[in-house]
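Asks: Take a look at the letters that make up each chain.
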Amino acid sequence: MLSVKENSPVEFSPELLTKFGEIVKRYPEGKQKSALLPLLHEVQAVFGWLSPDAMDKVAYFLNIKPIEVYEVATFYTMYFLEKKGKYNLEVCRTGPCCLVGAEKIMHHIEQTLGVREGEVTPDGLFSWRGVECLAACGYGPVLQIGPEYTFYENLTEQSVDSLIETLKNKA
Amino acid sequence: MGRTLLLTHINVPGIQGFEVYRQTGGYRSVEKALKTMSPDDVVEEVKKSGLRGRGGAGFPTGMKWSFLAKPEGVARYLVCNADESEPGTFKDRYLMTHIPHALIEGMIVSSFALGAKTSYIYVRGEMMPQIRILEKAIAEAKNAGFLGDNILGTGYSLEIYVQPGGGAYICGEETALLESLEGKRGNPRIKPPFPAVAGLYGCPTVVNNVESIAATVPIINDGGEEYAKIGIERSTGTKLISAGGNVKRPGVYEIELGVPVEEFIYSDEYCGGIANGKKLKAVVAGGSSVPILPANLILKTASGAPRLMTYESLADGGFQTGTMMGSGGFIAFDEDQCVVRNTWNFTRFYRHESCGQCSPCREGTGWMEKILYKIEHGLGTQSDIDLLWDVQKNIEGNTICPLGDAAAWPVAAAIRHFRDEFEWHIQNPSESQTRNFGLAHYADPLVQTVD
Ligand SMILES: Cc1cc2nc3c(=O)[nH]c(=O)nc-3n(C[C@H](O)[C@H](O)[C@H](O)COP(=O)(O)O)c2cc1C
Ligand code: SF4
Ligand code: FES
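Here the protein sequences come in this chain order: R and D.
Just so we're aligned, residue 1 is where the first sequence starts under the working numbering, counting upward by one.
Just so we're aligned, residue 1 is where the second sequence starts under the working numbering, counting upward by one.
Do not take every clue at face value.
Between beta-carbon pairs, the in silico distance windows are [to be verified]:
id: 1; chain 1: D; residue 1: Phe67; chain 2: R; residue 2: Lys83; range: 35 to 41 Å
id: 2; chain 1: D; residue 1: Ser267; chain 2: R; residue 2: Glu11; range: 58 to 64 Å
id: 3; chain 1: R; residue 1: Glu6; chain 2: D; residue 2: Ser267; range: 17 to 23 Å
id: 4; chain 1: R; residue 1: Glu148; chain 2: D; residue 2: Gln433; range: 25 to 31 Å
id: 5; chain 1: R; residue 1: Lys31; chain 2: D; residue 2: Asp420; range: 53 to 59 Å
id: 6; chain 1: D; residue 1: Thr381; chain 2: R; residue 2: Glu6; range: 40 to 46 Å
id: 7; chain 1: R; residue 1: Glu165; chain 2: D; residue 2: Asn428; range: 41 to 47 Å
id: 8; chain 1: D; residue 1: Ser267; chain 2: R; residue 2: Lys31; range: 56 to 62 Å
id: 9; chain 1: D; residue 1: Gly272; chain 2: R; residue 2: Gln158; range: 21 to 27 Å
Which chain D residues stay away from chain R? Per the calculated CB distances, all over 12 Å, these [said to hold, decoys possible]:
id: 10; residue: Pro60
id: 11; residue: Met63
id: 12; residue: Glu84
id: 13; residue: Glu126
id: 14; residue: Met128
id: 15; residue: Ile131
id: 16; residue: Ala144
id: 17; residue: Gly167
id: 18; residue: Ile170
id: 19; residue: Ser267
id: 20; residue: Asn296
id: 21; residue: Thr301
id: 22; residue: Gly317
id: 23; residue: Tyr373
id: 24; residue: Asn394
id: 25; residue: Gln427
The hints are simulated quantities; they were obtained by calculation from the structure and are not laboratory data.
Idealized CB from N, CA, C, for every residue including glycine.
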């Protein structure tokens, strides 16, 4: 569901618009809508989420209707329709990872961060959620952190602790 | 050591880059195909190789290519399916990460065969690092004259672009993938028309898996007949197997098709047995969508013959006692694993990933998840098992795309082979919350656990 709880007006920088222009060139004339998914990733990488205003501006850029953007943004799991923590930990929760302890890791993250799945820590630094198989089942448990989708494999409670510590110090 | 074709040079330092890849013989197939062969010759070699699609369905690649419509003046497309989301499967990620030029080289040869001037690699969006790796490889190949205008002076021109997905398993289904590539929701299309006639932008399109495309490189280098000599019968060549779950050495292995399952699990060349000295309870041999088999049936067919890693042998016995090669996502379950819990998890996955277009899939996956939740949490009743069976039966075959079947089959197989584990949960609601059913009579008949 499209959340209109929040909105934040955004400005697309000239660099971002240049990137948009390069992406659109990958497709035949008139098929610029194909750029929608890549563009939304670019926008999210800059702003951390997709506000209605950002989506409207993407629609305007691609010369498509805003609803065409909302439909897509609500269908795919990678697009955030509300703000997440600066570091959004996404842990694989699918069968093969559970065979090697993914549920324990999710429980540990919940305890350590003190927030439930989908919630953001009060300092705005962290959020977490379970996601489906990340095609890394041989190295489970695994988690990823956007927007570059840095990958952490063979997680243990200790490695999760030190990851969270490192991220805290970086912030 | 078995013969390898795709991963032979994977451990050569620097193989990710163009120079080293080229020094190990990379891009020879492009020179050979573009300079000495016609597109139809390339298709012919792939036909002769017997290569079957590595994305899951196992459809012969050469035959698929020969179905491509070629109307005058209409663009044709090759789209590489790098959506890799089938639970248990991680081979495409491995190939793209470590030897990306193998895919780019295969893309060029395959695009040439199909007459495509623009090709796309649709990579699941979470694989952002792999997207960067592929973009770099494409730039390097272009810089060396293997991509772009008038490749190697042959007059053939090609551009390859990488397209990120948005995080949706269904976009691995080829028509959903095309919808997604067109910037839409990933709702599978009703077939016919097949992509070979009306695919991307309504133009004739071939969709192939990463591994299938990479396999065209050795096929062109050595000839289709040489490739067909590897393997057994209609399972030719080598296959990447993603080994996960409770094996001692999880990872991606390139096997010659025909390796016995027992050897694959227990030999130190591959999985090295079950981790922590445990016993094998069950295996899902080809990704979450294929039927789960208890240890005895994965190691030997119902007739007692050793089961082999081939399309035919894995399917021996049909769904009664066999399974499928699928995408080669090999998941081993040790004696401590709970089949009910895993089936519930898989069903939750399919409910989450159903695109929602057809009611049997949209509603059925949700019902199955709820029933399995009940049973797993000690709230089940005896009739729930029959209800579950009934729901999965009503999904199978009644949907637009095969995700419905993929959701139904694991449930059916779990009940078929592990019914007593389900019944034990129902009859022992509190005990089932404190311990697992265990190995019971599913004991690994070979009791070959090392340590
Ligand atoms: C729900 C669903 C998910 C699929 N996911 C993938 C996938 O991630 N990768 C893939 O190559 N094929 C996947 N497939 C199979 C594709 O539809 C298609 O058959 C395949 O890409 C064809 O390539 P191939 O002939 O080279 O195997 C999936 C099919 C279904 C029904
Ligand atoms: S079977 Fe499921 S995923 Fe496939 S089209 Fe129908 S609802 Fe969508
Ligand atoms: S199940 Fe976790 S990465 Fe595949």
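Asks: All hints are to be evaluated individually against the structure, with a verdict given for each.
Replies: The hints, checked one at a time:
At roughly 48 Å, the beta carbons of D/Phe67 and R/Lys83 sit outside the given window of 35 to 41 Å. A hinted range of 58 to 64 Å for the beta carbons of D/Ser267 and R/Glu11 is consistent with their spacing of about 60 Å. A hinted range of 17 to 23 Å for the beta carbons of R/Glu6 and D/Ser267 is inconsistent with their spacing of about 56 Å. Here the CB-CB span from R/Glu148 to D/Gln433 is close to 41 Å, at odds with the stated 25 to 31 Å.
Here the CB-CB span from R/Lys31 to D/Asp420 is close to 55 Å, well matched to the stated 53 to 59 Å. Taken as a hint, the range 40 to 46 Å holds for the pair D/Thr381 and R/Glu6, whose Cβ atoms sit roughly 44 Å apart. For the hinted restraint 41 to 47 Å between R/Glu165 and D/Asn428, the CB-CB distance of approximately 43 Å keeps it satisfied. A beta carbon spacing of about 50 Å between D/Ser267 and R/Lys31 contradicts the range 56 to 62 Å that was offered as a hint.
Distance hint check: the CB atoms of D/Gly272 and R/Gln158 are about 25 Å apart, consistent with the given range 21 to 27 Å. No Cβ of chain R comes within 12 Å of the Cβ of D/Pro60; the nearest lies about 25 Å off, and the non-interface call holds. The claim that D/Met63 lies off the interface holds: its Cβ sits roughly 28 Å from the closest Cβ of chain R, which is beyond the 12 Å cut-off. Distance check on D/Glu84: its Cβ comes as close as 4 Å (rounded) to a Cβ of chain R, failing to clear the 12 Å threshold; non-interface status is violated.
At roughly 5 Å from the closest C-beta of chain R, the C-beta of D/Glu126 falls inside 12 Å, breaking its exclusion from the interface. With a least CB separation of 4 Å from chain R, D/Met128 falls inside the 12 Å interface cut-off, contrary to its annotation. At roughly 9 Å from the closest C-beta of chain R, the C-beta of D/Ile131 falls inside 12 Å, breaking its exclusion from the interface. At roughly 21 Å from the closest C-beta of chain R, the C-beta of D/Ala144 stays outside 12 Å, upholding its exclusion from the interface.
Not every beta carbon of chain R lies more than 12 Å from that of D/Gly167, the smallest distance being close to 4 Å; the non-interface claim is violated. Residue-level check failed: D/Ile170 sits 9 Å from the nearest beta carbon of chain R, not beyond 12 Å. Residue-level check passed: D/Ser267 sits 17 Å from the nearest beta carbon of chain R, beyond 12 Å. Non-interface status of D/Asn296 relative to chain R is upheld: no Cβ of that chain comes within 12 Å, the nearest being about 20 Å off.
Against chain R, the non-interface label of D/Thr301 holds: every CB pair exceeds 12 Å, the least being about 25 Å. Residue-level check passed: D/Gly317 sits 23 Å from the nearest beta carbon of chain R, beyond 12 Å. The non-interface label for D/Tyr373 is consistent with chain R: the shortest C-beta to C-beta separation is roughly 14 Å, beyond 12 Å. Every Cβ of chain R is farther than 12 Å from the Cβ of D/Asn394; the closest lies at roughly 23 Å, confirming the non-interface assignment.
With a minimum CB-CB distance of about 24 Å to chain R, D/Gln427 clears the 12 Å threshold, and the non-interface call stands.
Going down the numbered hints, you'll see the structure goes against 1, 3, 4, 8, 12, 13, 14, 15, 17, 18, while the others check out.
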